[in-house]
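K.L.:
Given the coordinates of chain A, work out where chain B should sit on it, guided by the hints.
This is what each chain is made of:
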Amino acid sequence: MTQRDIFFVANEVNELGGVGRWQTQMARLLADRGHRVTVVGIAPAHHPMDLGEPPFRTETLYARRPPGRPRARRLLGPADPAVRRHEAHMRTAAARLTTLFRAARPGAVIIVAQVWAMEWVALADTAGHRVIGMTHESFETCRKSSRFARVKKYFKDVDRLLALTQEDADRWVGEGLNNLGFMPNPLPIVPDTPSQRTEKVVASIGRLSHEKGVDLLLDAWAEAAQRQPGWTLRIYGKGEAEAELRQRCADLGLEDSVDFAGQTDDVPGALRASSVFVQSSRGEGFPLVLLEAMACGVPCVAFDCAPGVREIVGHEEDGLLARPGNTFELARHLVRLMSDEQLRDSMGEQALRSARRFDPETITDRWEELFDFLER
Amino acid sequence: MSTVAPEPDVSVVVIVYNDEERLPTAVGSVLEQTLRNVEVIIADDCSTDGSYEVAQALAAAHPDKVRAIRLPENSGGCGEPRNQGVKVARGRYVMFLDSDDTLERNACRNMVEAADRTDADLVSALCVRVHTDSRHDKRVQWYPWLYRETRTLDSVAELPDLFVFDTLSTNKCYRRDFLLGNDLAFPRGIHYEDLLFSAQAYLAARRITLIPNTVYFWNVVQKTSVKSISNRRNEISNFADRVEIHRRIDAILDRQGQDELKLRKDIKFLKHDLVLYLRELPFLDDDYRHRFAELARDYVQDFPEAAYAELDRVHAICAQLLLREDWTDLMPAIDTLLNRNKISAPLTERDGRIYWTDRYLDDDEMRSVLDVTTLGYHAKQLNQMYLRNRLTEYTARGGDVVLAGEVVNPLHTIAPGAKLTAELEFRARRRSLQTFTFPVPAPRHQGDVIAWRAEVPLARRLRPLGIVDDVWDVRLHLTADGKRTTSRLTVGAVDLEHADDVPVRPRLTRLMADRLEAQVSAKGHLAFRLTQHSRLARTGRAAVERNLHGRPARAAKGAYRRLRALRRDLNSGTRKLQVYERMLTRLPVRKGTVVFESHLGKQYSDSPRAIYEELRRRGAPITPIWSYAGERPEGFPKDAELVRRWSWGYLKALAQAEYWIDNQGFPLRLTKRPETTYIQTWHGSALKRMGFDEPGLRMLSEPEQRSYQQALDRFDHFVVRSEHDVRTLARAYRIPEHKLLRTGYPRNDALVRARQGAASNPEAQRLAERLGIDPDRRVLLYAPTFRAGSDGRVKDFEFPFDVEDFAARFGDDCTLLVRAHYLNRLTLPPSVAGSVIDVSAEPDITPLMLLADALITDYSSVMFDYALLQRPIVFYVHDWEEYAQDTRGTYFDLLSEAPGPVPRTAEELFDVLGDLGTVGAVHEARLKEFVDKYGEYDRGDAAAQIVDRFFGPAGEAR
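Protein chains in written order, with full-length UniProt numbering: chain A, 1 to 376; chain B, 1 to 958.
These are calculated hints, taken from the structure and not from any lab test.
Just so you know, not all the hints are guaranteed correct.
Footprint (simulated), chain B over chain A, 3 or more residues, beta carbon under 8 angstroms [unchecked claim]:
(1) 159-172
(2) 320-327
Listed next, the stretches of chain B that the computed footprint assigns to chain A, with coverage defined by at least 3 CB atoms under 8 angstroms from CB atoms of chain A [claimed, not checked]:
(3) 34-41
(4) 92-106
(5) 140-153
(6) 209-218
By construction, the Cβ of each residue, glycine as well, lies at the ideal position given by its N, Cα and C atoms.
Same shape as in the complex, but just chain A:
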């Protein structure tokens, strides 16, 4: 394998959150393969993660977060001095990127993980290198956000724009972008021992927020618990909706079978202590926690709310998917797995096997193949 100069360019170097964790993991994996990796952030992190002594170089363009792009006044259009000043400012910062890129050996790869960062990369000189754009969320989520138009504008001509799944990529192609590929995220953990699936526990892990739909889960649980007494729903996580959820739980008379277990630092441990995993989110991108559950041999029940979910969980193979919002169906699926030990075992074992598709080494191979392919 050719060893390359690889740049990650994102909004921040070490922001706490999905993209930040992914970036750190991926940069580490590629550095371990002997590539020379630089992680560039546009601005300092809001909530920084401690990276320790990373095996890669880090750079941040701005010492303080730059102001948003001013909206051009109608009559002046692009000639608006405020816009021009802002652009000049951006160009100065982009010049630093240019310097970094020019210092790299030809055939370097620039991975732009977020579209905001791409606004600077677009101004920099990337000659001789390949630029890979990424959209780290489902097409549908992006479509509802202000990022949608910017993705179409700034990523239109990059060498490859990577979505999380084939299905998301296809949707982007439908929007007229023709440079789409897809790349799943790697498994963040490599668990040692899988779950024995003997505890009568259904686990849910995630922030207690509206988006994660725990309120829907409680409705489904009210039906499921009634048909499978003796089981516990253990809800890990904290968040702004906690009080409301506890109240709802009490209203539904579920206090005996629902356990709010708070946030956990030991996700594999929590998974090992459960036999079924459930996710009732209103929206998702590429939910790693499902992957983690599967890697622990725990079969998943989830709302089929995004292509990323379908990509990870194979319905009737290694888990069960319900139509989004259909709490009756979610409950039926839970009951099926709770009541059938054999089904739990066969799906759990299958989950263990299919999670290997997202093994860090496998995903790193795919990245390296992509680098070679883009050179052709």
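P.N.:
Chain B only, in chain A's frame:
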């Protein structure tokens, strides 16, 4: 940089024949591919222009990427040059490109990526046809539904549509080993070589991958000139080649035992291939028609029954008439084939069914083919009909044109004594600023047709502008006893080719054009085109065309577009909302104004209407304003101000109203000012989960839910008719207790009063008379709920029982009123006339309920209202499981709570209907319970209570 692979990833074979001008563009589109490791092989089919020299120059300029080969003699087709190109190709994959087309920049990369990733022999992707002669390079995707998503097939049999429809060879990427290993090559000396080649490739491929990416731009120039007779004859002789290719494909399918693919291909042949030729038949003489029919018959007569069974009415009629060489009946059928909503034949009614022609009705098979009852022609009024109007004469003399024709008179809709008038209208196809009409003297009723003839002084009267209105369409407006029908002139056998052109004087002078030339549109209709005859006109027009692309013209067009955009913007929803928010709601409230709306303005009905009528009855001093949707208000009261939904007038009325009264919801984004009182009457109790109990709403994000909640918070009062409503609707829409009006539904006052023995409702009586209901017969109302497809759109209505059976069994003493969703149109055969009546278009259901002696429904909320009458209800719940397990769920189990029989099959339904007397007696007590539970507050005075409370006993607004 790392080493480039020794062999190219893709060889693109570019074929060229006498196209030196465009060849470099085609080749350039390959050289500029984002995948750099590609080679180009230019295969010249022995051109007589400089194509080969251009090819050699390109090869010399890119020695490592471009090679040129030349066939020793012209092969006359696309196949042989491609074969020769493949022979010398070195790439892992092969693609084909024609010299007049181009590849999308990422085409090769996307193809190779998909092929490598899925290990496919063949990758196929989206082709886009670019109409280079259209103003804005109109683009049309080629069978886009095949390419919505990436998918991999282990055999083409998994997706017969791909095999059957996408027969291009150019939007594909082939593994070279696969082509060589299977000896895949294009046939020589025959048209439609692509068809055979792609069929062979599809069938040989171990794996096929489809990707949604656009890869190929197929540049097409639409022939704008009139097709000549010889052109048309040529096409017929090409048919022989097409049939031959199909026979060869059939042989392969037969060898492989691919019966399903063969069937799909047969169906496609009947539906599409045949139609391409059928459309030429009206213009050809009997000799050619006969030759074509023989060729076709020879091939299609062996098609299995199943292939014919898949055809829709009109296709099947065309196929059968063609096989019989019945030109008289076929020509109108072809007209309908090209113009689907056109009625082309005189039609005939026999035994309560409608037939295309009466000619073959002795033959049972033909009888079923010719049965067009389901097309609903007979249910249309003359002004709803689009009729075939066959041109029978066209002569141009000097500046005058004589036109004559015959408008078909289906089922003798136009009575012999009808008063007939007609006029011809000429209108420019693109945004006409002017139309020209010419009188047609005395149309003559001739039974099956209305004949007309007119002399049109075109040269004197028709004054086009020039340039912007090049094409003129002709319509005939025929009025019979006040009903007007508009038709176009179908050309057919009339000779336009040898007719003289008509001189014309455009307003922009004869430099633009000086002649009007008669031509046939794609749909077979007469049209005129401005042409340039004299040298002056030709050079003048050429100069204008040049200038049209010049800078001043571009600037002018740009300014025009900006103006239009500005106008659009001013009338856009967002702008209206802004004005509503910032300006209209700051205007003073107009005391006493009440804005009424029912079902989003679609009707004058329901509780808002009942409240309105109560206010009117009391002579309350209010200013009522009714909102209506659609072009024109239909059935709305004459003594109220009417405003169209979302119009400026509507927004102003809402902004200044003292009261809003509606039953569904004023536009969600319109905020309500605090001075306005919003009375939400709602439109029915719930069986299905609603509002925030419904998964669709629950899955919305927090901000989306918040904005919906804000719209709900506009309600100041919410009418309920039972505690069931409080537990379900009020909870689901989060209506607090103090907003509830426990008055019952104003719309149901009439039902309660009828139950209490009030004198018969005059409106119901008028309705009975209008519908022609025999007072001696029992009346049944069938009001099912509508079914929505997975996309949420209302599905077409289908009877879940045989309506003709119903009429046969109960027609003598029963009248069935059928009320489908107002979006649905149902077609009732004439055989059930009198015993089954479609009442879907009636705006208000209450009078229908009053008329009905019993109700048949399934899950519709009409059950809760009708129960008030204490008359029998039959719940025909043939799809309960499907309905109940639908993602929404229900509030209670209808099967156990229904206060009436719940037949599950048509037979059970008919048995129940046969014994309705018993049904009433058996379920009487349960019906009472049902009303107590779901309609406890409906006591007949809801409208009065509401008016009392808000407008005072005297009816004065407080």
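K.L.:
Confirm or reject each hint.
P.N.:
Each hint, compared with the structure:
no.	hint	result
1	159-172	holds (count 5)
2	320-327	holds (count 5)
3	34-41	holds (count 4)
4	92-106	holds (count 3)
5	140-153	holds (count 3)
6	209-218	holds (count 4)
Checked against the numbered hints above, the structure violates none of them.
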